[in-house]
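Q: Okay, here's what each chain looks like letter by letter:
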Amino acid sequence: MSEIIADFFKQAENLSKPKHIYAVSEITQDIKLILENTFGEVWVEGEVSNFKAHTSGHFYFTLKDDTAILPAAMFGRANREVKFKIENGLKVICFGKISVYGPRGQYQIIVEKIEPKGIGGLQLALEQLKKKLEKEGLFSAEHKRPMPYLPSRIGVVTSLSGAAIKDILKILDRRFSDIHIIISPAQVQGEGAKEEIVQAIKDLNSLNEQLPSDQRIEVMIVGRGGGSIEDLWAFNEEVVARAIYNSRIPVISAVGHERDWTIADLVADLRAPTPSVAAELVIPKKEDLREKLSVLTTSLKRSFSDIAGSFQETTDDLVHRLILNMKHILELSRGQLNAVAKKLALLNPIVLIHKYREKIDSLAKQIYVRLDHYLKLRQSEFNGLIEKLSSLSPLNILSRGYSIAFKMPEAKIVKDVKFIKVGDTIKTKLYKGQIVSQVKGVEENG
Amino acid sequence: MAELKFEEALKKLEKIVEDLESGDLSLDEALKKYQEGIELSRQCCQRLENAKKKIDTLVKNKKGELELRSFDEDKINEATT
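As you go down the protein sequences, you meet chains A and B in turn. Taking numbering that gives the first Met the number 0, the leading residue of the first sequence gets 0, the next gets one more, and so forth. Taking numbering that gives the first Met the number 0, the leading residue of the second sequence gets 0, the next gets one more, and so forth.
Since the hints were derived computationally from the structure, they do not count as laboratory data. These figures come from a predicted structure and were not determined experimentally. Don't be surprised by glycine CBs; every beta carbon is placed ideally from N, CA and C. Take these hints with a grain of salt, some might be off.
[To be verified] Pairs of lysine-lysine, DSS-like flavour, derived with a Cα cap of 27 Å:
#1 B/K11 with A/K285
#2 A/K130 with A/K116
#3 B/K11 with A/K284
#4 B/K52 with A/K284
#5 A/K165 with A/K285
#6 A/K291 with B/K53
#7 A/K143 with B/K4
#8 A/K411 with A/K431
#9 A/K143 with A/K201
#10 A/K169 with A/K51
#11 B/K59 with A/K165
#12 B/K52 with A/K201
#13 B/K10 with A/K284
#14 A/K414 with A/K428
#15 B/K62 with A/K284
#16 A/K82 with A/K116
#17 B/K32 with A/K143
#18 A/K300 with A/K284
#19 B/K59 with A/K285
#20 A/K129 with A/K169
#21 B/K14 with A/K285
#22 A/K285 with B/K4
#23 B/K59 with A/K291
#24 A/K201 with B/K10
#25 B/K32 with A/K201
#26 A/K169 with A/K82
#27 B/K62 with A/K300
#28 A/K201 with B/K31
#29 A/K201 with B/K14
#30 B/K31 with A/K284
#31 A/K169 with B/K52
#32 B/K59 with A/K284
#33 B/K52 with A/K300
[Unchecked claim] The following label-pair restraints were derived from C-beta to C-beta distances:
#34 B/E20 with A/Y148: 18 to 28 Å
#35 A/K143 with B/S25: 37 to 47 Å
#36 A/Y59 with B/S69: 41 to 51 Å
[To be verified] Listing some non-contacts, in silico: residues in chain A with all C-beta distances to chain B over 12 Å:
#37 I4
#38 L69
#39 I153
#40 L203
Construct the complete structure from the given sequences, taking the supplied hints into account.
A: What follows is the structure, given as structure tokens:
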């Protein structure tokens, strides 16, 4: 090429001598030839600016660096191949043809191929989609729904011929053997995969609308086994992301690619690194649940038994104290009763009666004694008097020789002779015996 | 007591156990909660034993309507081997 350049420069030198006056289009044409032949197809690196996607379908922008700019155009035929969005500020490498656009007096590059610098086109497209969707809020944490704890129905969107479905079914069976699984089949790679995935997700949602609320699918797993980036690409597609976002059924993404996250993973309500892990996340192990339930039930019984026990203790204690107090009260009462009873007993009429009887007896005794004494006294008095009497007794007198004359028959005691005449019968009572005599004579004075 | 979802029933049961363990209840309240707890436990236990295994495939029939078809697990084994 340098010879050609040299050649032209020589020509230019020659031209300056006989003054050739170019027409604008003429010189433009020459410039065009020189440039197009000198550079032909080149690779140019620069930063995109002034990007405009024309309604005609062509792209117009400039490539620039610190000190210069290069206008660029990319026509519809070529720019349809571009996977990413060309944006101002993007550092790119373009492959194209340097040309001159006469009507504008502008040199430019007609870009055939464009790639972002330092990153794959596909990769960049992915980054751009991520940014776009994130801005729309598709990845926002607030939108992510919580997973049902124990779903009775689980949906699965995956290929029937893939490895994922086997793993999922096996693990679900192991963890919780009796659960209802509904598979909505879809191709997970290749042509048409993204449409099938979208449809499968929509179908599960449509199904739910036909079911009564207690029979609805509560969560779905959307996924596939491992593979290359290209294999997984369906899960980076915008339509799939939107289908997941719009799904009324919560979605667990399980794109079998341990480290990296696809867009589906970012939109999903929960992300599992593999389908097997998804199966573990979606449902707890029946064993664990049984265990948990058993622990709770035991705690329930134990803590209730503790409460009942403590109430029992309190009750027992109260009853105990009640009984003690009652006993105490009883004893006090009994004491009082005894005291009163004693008092009462002392006031018992019987006692009184006995007391009086004693008194009576004692008095009676006294009376008896006194009486006896008295009688004895009287007796002796009497005896004394009797003696006296006796001594005064006519009979006593009689014993002294005196006699009593009785005029008979009247038996009248004769004290005076006047009453006696001679011949009267006189009974003379002697101390011992009687004399019956007749009066012979009477004498006065004796 | 109306049938609760498993998770809710389990949570309620946990709450009841907490309440009983705090020991601040009257005997009547404790008894009531205990009975409720036992009933919840029974419900949960039943739920763990009750479900029947079922796998279906969702397909569109000739009319374009959605239909559930019983899934033959052997089919996958065939397809993947």
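Q: Given the hinted pair A/K169 and A/K82, is their alpha-carbon gap at most 27 Å?
A: The given pair, whose Cα atoms are some 39 Å apart, is violated under the 27 Å limit.
Q: State, for the Cβ atoms of A/Y59 and B/S69, whether the hinted interval 41 to 51 Å holds or is violated.
A: violated (59 Å)
Q: Given the hinted pair B/K52 and A/K201, is their alpha-carbon gap at most 27 Å?
A: holds (24 Å)
Q: Check the hint pairing A/K143 with B/K4 against an upper bound of 27 Å on the C-alpha distance.
A: Holds. A/K143 to B/K4 sits at ~21 Å (cutoff 27 Å).
Q: Is it true that the CA of A/K414 sits at most 27 Å from the CA of A/K428?
A: Holds. A/K414 to A/K428 sits at ~13 Å (cutoff 27 Å).
Q: Taking 27 Å as the top limit, are the C-alpha atoms of B/K11 and A/K284 close enough?
A: Measuring from Cα to Cα gives roughly 20 Å; hence the hint holds.
Q: Holds or violated: are the alpha carbons of A/K143 and A/K201 at most 27 Å from each other?
A: holds (18 Å)
Q: Assess, step by step, whether the Cα of A/K411 is no farther than 27 Å from the Cα of A/K431, and give holds or violated.
A: The hint holds at about 19 Å.
Q: Do the alpha carbons of A/K169 and B/K52 lie within 27 Å of each other, as the hint requires?
A: holds (12 Å)
Q: With the threshold set at 27 Å, check whether the alpha-carbon distance from B/K52 to A/K284 stays at or below it.
A: holds (15 Å)
Q: Within a Cα-Cα threshold of 27 Å, do B/K31 and A/K284 meet the stated pairing?
A: violated (31 Å)
Q: Taking the closest pair, is the beta carbon of A/I4 still more than 12 Å from chain B?
A: The claim holds: A/I4 sits with its nearest Cβ about 65 Å from chain B, beyond 12 Å.
Hints 10, 15, 17, 19, 20, 23, 24, 25, 26, 27, 28, 29, 30, 32, 33, 36, 39 and 40 from the list above are not met by this structure, while the remaining hints are.
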